[in-house]
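First to last, the protein sequences are chains A and Y.
Quick note on numbering that gives the first Met the number 0: the first sequence kicks off at 0 and runs consecutively.
Quick note on numbering that gives the first Met the number 0: the second sequence kicks off at 0 and runs consecutively.
Treat the hints with care, since some could be wrong.
What the hints assert, rightly or not - Straight-line distance between alpha carbons at most 20 angstroms, and here's what the computed SDA-like set of lysine to any residue pairs gives:
1) A:K10 x Y:S450
2) A:K140 x Y:P10
3) A:K114 x Y:H2
4) Y:K523 x Y:R134
5) Y:K14 x A:W203
6) Y:K3 x A:E59
7) A:K95 x A:I26
8) Y:K3 x A:A197
9) Y:K3 x A:W203
10) A:K10 x Y:S317
11) Y:K3 x A:H170
12) Y:K14 x A:D20
13) Y:K28 x A:D66
14) Y:K3 x A:D20
15) A:K114 x Y:E6
16) Y:K14 x A:I186
17) A:K114 x Y:L11
18) Y:K337 x A:P44
19) Y:K337 x A:F42
To be clear, the hints were calculated from the coordinates, so they are not data collected in a lab.
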Amino acid sequence: MRSVRIWFTKKDTAKYISHLDLTRCLIRAFRRTDIPLWYTEGFNPHPHLVFGLSLPLGVEGECEILDIRLDDESYPNESVISELNRVTVPGIEFLKIAEPQFKPLFITSGLYEMKLSSNDGSNIKDDILNKIESKNILIYKKTKKGEIKEINVSEHLTEFNIIKSEANELHFSFILPAGNDFTINPILFKDALLENFAQENICWSIKRNKLLLKDGTEFR
Amino acid sequence: MLHKQIESILPLVQKPARYTGGELNSVVKNKENIDIRFAFCFPDTYEIGMSHLGLKILYGLINSRENFWCERVFAPDCDMEEIMRKNNIPLFGLESHDSLKDFDAVGFTLQYELSFSNVLNMLDLAGIPVRSKNRGDSLSENPIIVAGGPCVANPEPLADFIDCFQIGEGEEVMLEFLDLLNEYKKKKATRKEFLIAASHIEGIYVPALYEVTYNEDGTIKEFIANDGAPQVINKRVVSDLDNIYYPENFVVPFVEVVHDRVVHEIFRGCIRGCRFCQAGFWYRPIREKSVETISKQSQKIACETGYDELSLCSLSSSDYTKITELLESLLSWATPQKINVALPSLRIDNFSDELRKKLALVRRSGLTFAAEAGTQRLRNVINKNITEDEILGTCRKAFQGGWTAVKLYFMIGLPTETDEDVVGINELCQKVVEEFYSNPDKPKGKTVSVSAGVSSFVPKPCTPFQWEPQDSREEITRKQQLLKETVTSKKITFRFHTTDQIFLEAIFARGDRKLCDVIELAWKNGCTFDSWDDKFKYDTWIDAFKECGIDTEFYANRRRSYDEILPWDHINSGITKEFLIRENEKAKNAETSMHCREQCNACGSNKLNGGKCDALCKNMVH
Numbered sequence: 000m001r002s003v004r005i006w007f008t009k010k011d012t013a014k015y016i017s018h019l020d021l022t023r024c025l026i027r028a029f030r031r032t033d034i035p036l037w038y039t040e041g042f043n044p045h046p047h048l049v050f051g052l053s054l055p056l057g058v059e060g061e062c063e064i065l066d067i068r069l070d071d072e073s074y075p076n077e078s079v080i081s082e083l084n085r086v087t088v089p090g091i092e093f094l095k096i097a098e099p100q101f102k103p104l105f106i107t108s109g110l111y112e113m114k115l116s117s118n119d120g121s122n123i124k125d126d127i128l129n130k131i132e133s134k135n136i137l138i139y140k141k142t143k144k145g146e147i148k149e150i151n152v153s154e155h156l157t158e159f160n161i162i163k164s165e166a167n168e169l170h171f172s173f174i175l176p177a178g179n180d181f182t183i184n185p186i187l188f189k190d191a192l193l194e195n196f197a198q199e200n201i202c203w204s205i206k207r208n209k210l211l212l213k214d215g216t217e218f219r
Numbered sequence: 000m001l002h003k004q005i006e007s008i009l010p011l012v013q014k015p016a017r018y019t020g021g022e023l024n025s026v027v028k029n030k031e032n033i034d035i036r037f038a039f040c041f042p043d044t045y046e047i048g049m050s051h052l053g054l055k056i057l058y059g060l061i062n063s064r065e066n067f068w069c070e071r072v073f074a075p076d077c078d079m080e081e082i083m084r085k086n087n088i089p090l091f092g093l094e095s096h097d098s099l100k101d102f103d104a105v106g107f108t109l110q111y112e113l114s115f116s117n118v119l120n121m122l123d124l125a126g127i128p129v130r131s132k133n134r135g136d137s138l139s140e141n142p143i144i145v146a147g148g149p150c151v152a153n154p155e156p157l158a159d160f161i162d163c164f165q166i167g168e169g170e171e172v173m174l175e176f177l178d179l180l181n182e183y184k185k186k187k188a189t190r191k192e193f194l195i196a197a198s199h200i201e202g203i204y205v206p207a208l209y210e211v212t213y214n215e216d217g218t219i220k221e222f223i224a225n226d227g228a229p230q231v232i233n234k235r236v237v238s239d240l241d242n243i244y245y246p247e248n249f250v251v252p253f254v255e256v257v258h259d260r261v262v263h264e265i266f267r268g269c270i271r272g273c274r275f276c277q278a279g280f281w282y283r284p285i286r287e288k289s290v291e292t293i294s295k296q297s298q299k300i301a302c303e304t305g306y307d308e309l310s311l312c313s314l315s316s317s318d319y320t321k322i323t324e325l326l327e328s329l330l331s332w333a334t335p336q337k338i339n340v341a342l343p344s345l346r347i348d349n350f351s352d353e354l355r356k357k358l359a360l361v362r363r364s365g366l367t368f369a370a371e372a373g374t375q376r377l378r379n380v381i382n383k384n385i386t387e388d389e390i391l392g393t394c395r396k397a398f399q400g401g402w403t404a405v406k407l408y409f410m411i412g413l414p415t416e417t418d419e420d421v422v423g424i425n426e427l428c429q430k431v432v433e434e435f436y437s438n439p440d441k442p443k444g445k446t447v448s449v450s451a452g453v454s455s456f457v458p459k460p461c462t463p464f465q466w467e468p469q470d471s472r473e474e475i476t477r478k479q480q481l482l483k484e485t486v487t488s489k490k491i492t493f494r495f496h497t498t499d500q501i502f503l504e505a506i507f508a509r510g511d512r513k514l515c516d517v518i519e520l521a522w523k524n525g526c527t528f529d530s531w532d533d534k535f536k537y538d539t540w541i542d543a544f545k546e547c548g549i550d551t552e553f554y555a556n557r558r559r560s561y562d563e564i565l566p567w568d569h570i571n572s573g574i575t576k577e578f579l580i581r582e583n584e585k586a587k588n589a590e591t592s593m594h595c596r597e598q599c600n601a602c603g604s605n606k607l608n609g610g611k612c613d614a615l616c617k618n619m620v621h
């Protein structure tokens, strides 16, 4: 048995696949290939799949991570990727495979890209940039105990960079905490930025481009 | 790619993957090369519709033709519907995301009566007039609306909404229908010209070509065919299951659906003849698929989908003549591939030792028996030919094999039922509990649980009970109460169906065209998803009946005479009225009939299949 780490995308319509559904979808994808996936032993054998960090529903991923175990150690890495791409669904593309360097619990943040635009041509840019400058972007998170906790996203937001800016369109990248201990859902961040606009009038897309370690280097 | 407008609302709804399409094996074609676009609509949510085998078969069949493109459409859930209506987004096909109005034909499958209001709602969401007569003169103005499925055993309550019904099995008639539509579309024919031509295809029923007159008491006086349409519409029957189309793959949903596995239909029809069961008669004659074909096709689908479960499907799996051979063949490849084989619809009386051992090889699922009635007398009335000894004997074997939970299904309100029969349900459950404790090999430290699902009888067309009244709602409630009061053991739990939905189902099942107005009004007043307990609006329905001047008891609780013209008499299921009357009379005397392999009871269904019935041939070989 040997462990391998696989990088894949989750884009377009695939961004609407929930994490639970993604697990089932990928297990079925493996079952359509000849990849010798290792199954747990016991009464109810099932494959062993570990994900880097789940994506919120509706957010795209450029570098999603999946760890699996192979039963046959000699099975070539390239074949894993080509086999999976042979049977995959639209939006999920398998990019590369390597030996895992770090454990997923070392992931601390994510590098995101967000595109916001208004359908009705209204000016959203100024409002959003004012919010960023105010350093006071509040979101409300439910804790495990069921309490509502207020978080100021500005205290955690880093590397905010504007890529494209027009009155009715704003495109930027940023880093937010994402990991085992503390995560800020970028959709909540988006909602806070757009609190003055009706949801139906806004087109948005969020993409997670990288998962990062504490020192800011890429998780691998 | 999704249309921008749809994309902008998806983040606002629950489980958006139900509306995106793009699932594995879904079929996207270039519409420039397509002659006929067909939308297969299931009038319920994605999770339910995607579980339906008929959809998988017809989807694959239509798409196997290069110039046809079939897409899937389901009833959007309430949150999605609200947002679609608010933003003027018409109902769309999952593959192209184009509005249903762009299609040439839109087909609904009618699996249960309580989905009727959803048919109207889906047409309206698509911007298609709900009434056939308002759809214009040309074929291009609106799609042709067609419907099939078991409810078309009596299509009359939907007669004003559907342009044509496909009666019976769809594998052949669907392509004949679409070929004809293609021909008439090319020559720019009118809707009427096409519908008259379609009425000459065997199995196609165009309700607008018929006129119904009524007697003063509300019963039917005459049923008149116009424009040369046939007086009687014969149900379509596929003759050879080994050589008829079966899909090579299934669309694999992202979200979890009700039946999320490989399904294989092993035979059609049923040899048993339980007198309440519409399916048991409607799907006759008996036609078996061969072990080799089932095994080969299932393996292919398992490969193409990655499913880890295979379920055999039929009305009574253990009546398949080579069931042991079939299981051996399936398990030979399924077990090494870690695929679980499930075998539902087992009958209690031929659940043999041998079969039980075979099933024990794969993961154990629950043990479920449909006993249907609590006493032997009533089981004889309904022709459920199993004895108490057989039920208990099977439970004993199951308990010895380690099972501790048994599910039993019953019905109350069956014809001739007395309070003794009702109480008998609990007595039978109690005996099952006692059987567990008298078993010396019972699993140590474990207790038994007997769960009894108690539904209420709905008289259905095409059954010997089609003339029988349904118990009044008060009477059903009283019987449920009586049964609840008799339970003394904590090992037994009863689950009852709500009487309101059963009552509505009974009205539609044997309804006539007068109900069209009621369905339209109730839908306009907000009735949809009537089969969902939390969405069912009983009072709105009752108000609609009142406003339309319709007496509900006339449909649900009235005994019909044998000589009354029934609303579905022009639909020929193959089963003769003489046979149904014979069976009804035997029921009154609690007389049973032998099953089809012991003796042919001359139901008549083989006539639609050139005289062939697999139950008959098998009988002659022995």
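Each hint, compared with the structure:
1. A:K10 x Y:S450: violated (45 angstroms)
2. A:K140 x Y:P10: holds (19 angstroms)
3. A:K114 x Y:H2: holds (17 angstroms)
4. Y:K523 x Y:R134: Measuring from Cα to Cα gives roughly 18 angstroms; hence the hint holds.
5. Y:K14 x A:W203: holds (18 angstroms)
6. Y:K3 x A:E59: Within the cut-off at roughly 16 angstroms; holds.
7. A:K95 x A:I26: holds (18 angstroms)
8. Y:K3 x A:A197: This hinted pair holds, its Cα atoms lying about 17 angstroms apart.
9. Y:K3 x A:W203: Holds - the C-alpha atoms of W203 of chain A and K3 of chain Y are around 11 angstroms apart, at most 20 angstroms.
10. A:K10 x Y:S317: violated (46 angstroms)
11. Y:K3 x A:H170: Judged against 20 angstroms, a Cα distance of about 18 angstroms means the pair holds.
12. Y:K14 x A:D20: The hint holds at about 10 angstroms.
13. Y:K28 x A:D66: violated (35 angstroms)
14. Y:K3 x A:D20: Distance of about 24 angstroms is beyond 20 angstroms: violated.
15. A:K114 x Y:E6: Holds. K114 of chain A to E6 of chain Y sits at ~14 angstroms (cutoff 20 angstroms).
16. Y:K14 x A:I186: Satisfied, since the Cα-Cα distance of roughly 16 angstroms is no more than 20 angstroms.
17. A:K114 x Y:L11: holds (17 angstroms)
18. Y:K337 x A:P44: holds (8 angstroms)
19. Y:K337 x A:F42: Answer holds: K337 of chain Y to F42 of chain A is near 12 angstroms, not above 20 angstroms.
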